[in-house]
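Student: Chains as they are written, first to last, in the working numbering: chain A, 1 to 69; chain D, 1001 to 1347.
None of these hints come from the bench; they were simulated from the model. Note that the coordinates shown come from a computational prediction; the quantities given were computed from them, not determined experimentally. We put the beta carbon where it would ideally sit given N, CA and C, even for glycine. One or more of the hints may lead you astray.
Here are some, though not all, of the chain D residues that point toward chain A, as calculated from beta-carbon distances under 10 Å [unchecked claim]:
#1 Ile-1011
#2 Gly-1060
#3 Ala-1068
#4 Ser-1127
#5 Pro-1141
#6 Gly-1278
#7 Ala-1285
#8 Val-1302
#9 Gly-1308
Just a sample of chain A residues kept apart from chain D, beta carbon distances all over 10 Å, derived [as the list claims (entries may be wrong)]:
#10 Glu-14
#11 Leu-29
#12 Glu-47
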Amino acid sequence: MNLGELRPVLLQLEREPGSLRAQVESALLRHGQPLRWAITDVDLSAEGRSFLQIEAVVIGSIDPKCSEA
Amino acid sequence: MPTLLVIPTGIGCVVGGFAGDALPAARLLAAASGCLITHPNVMNGAALYWSDPRIHYVEGWSLDRFAAGELLLQPVRQQRVGLLLDAGIEPELRQRHLQVADGCRATLGLNIGPVVTTDVPLEVSLSLGASGVSWGQLRRPDVLLRAGEQLKAAGATAIAVVARFPDDPESEALAAYRQGSGVDALAGAEAVISHLLSRELGLPCAHAPALSLLPLDPELDPRAAGEELGFTFLPCVLVGLSRAPSLLPATASSAAGASVLEIDAVGAVIAPAAALGGSAVLACAERGIPVIAVDNPCLLNVTAEALGLEVLPAASYSEAAGLVLALREGIAPVALQRPLLPLSALR
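Let the hints inform the model, and build the full structure from the sequences given.
Tutor: In structure tokens, the structure reads:
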């Protein structure tokens, strides 16, 4: 079986309307196949914006062109 | 009423952050619901375990896929549990694990085998994430999967994997864990190993770490004691997997029997109130399944308020069991609270 490396990923995302799960998985897919993830912190700004911290392990290599927002 | 119980591993939960110390809560919730679906972190007490036909033992990756509607769970009478051993385990420790497997065959009547040893050591490493929760890695996932494929090809219908974990008997983190605080430093790497096998093989999988014996700690917290009763952490894994439900793709729904569990039948999900940001809980919330958020302090603060979720709060797992019973009996939880506000009319 051809399998990439397991890589830790740490992301900061601004929450968008719609499915939270889909937003997180879509962001992780830019780094590899999500194996295990969790939202580990939420920062609420004074303007009402919400920023999520995601910790994850993904399968596959990280594309260096991917920026971590 | 099928009910999900999630207590994430490696986040230092006061209940469920140690050696299967959420098992009493799981037993209570199984009685209240009549059907509890939960994961190894809740059920595994190393040398201690509990088998209940109302409790379905489902590894975390499969639990997430079940909650997302991508997998069905098929209860079975017995799985044939293949044993996957890391080549990094020393001969004497390896023999201890084989004797546990033999003991479970002879004393409990489990169907175990065959045994496969990886070609080379898996090289597990431990780490903590930015939040302080437990994560970890293995350097040779390809070797793990090759051994898993061998077991599946040889007829195993579930896989118990034992990887050699790094010993660190002098570490402050280990001392804190044994005395009832901090996080289980092994948990993150364990989850990665079992998630990977489940994902790639489509079989129920669970992991037990192989470690050297620790010196006696007279101050040992009762919640960690299950891990100090024997030479291995393997018995609970073999017992859990022996009746773990088989995993079916959701496309098998029409061909599946009446006993198959699917997410549409789930009536509640229970999770720590400050750890609601995992895949299974979010998937359930998005489906409109009631979320019971239990006060179970941990390292995180990812609450319903922070995520904008509507939940039923519970001060303890005992209260959560009452809420499950109410939902199961068709009693609106709000009717049990005071004050009971008047109905409001839509304008």
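Student: Enumerate the violated hints, using their earlier numbering and listing them in ascending order.
Tutor: The structure breaks none of the hints.
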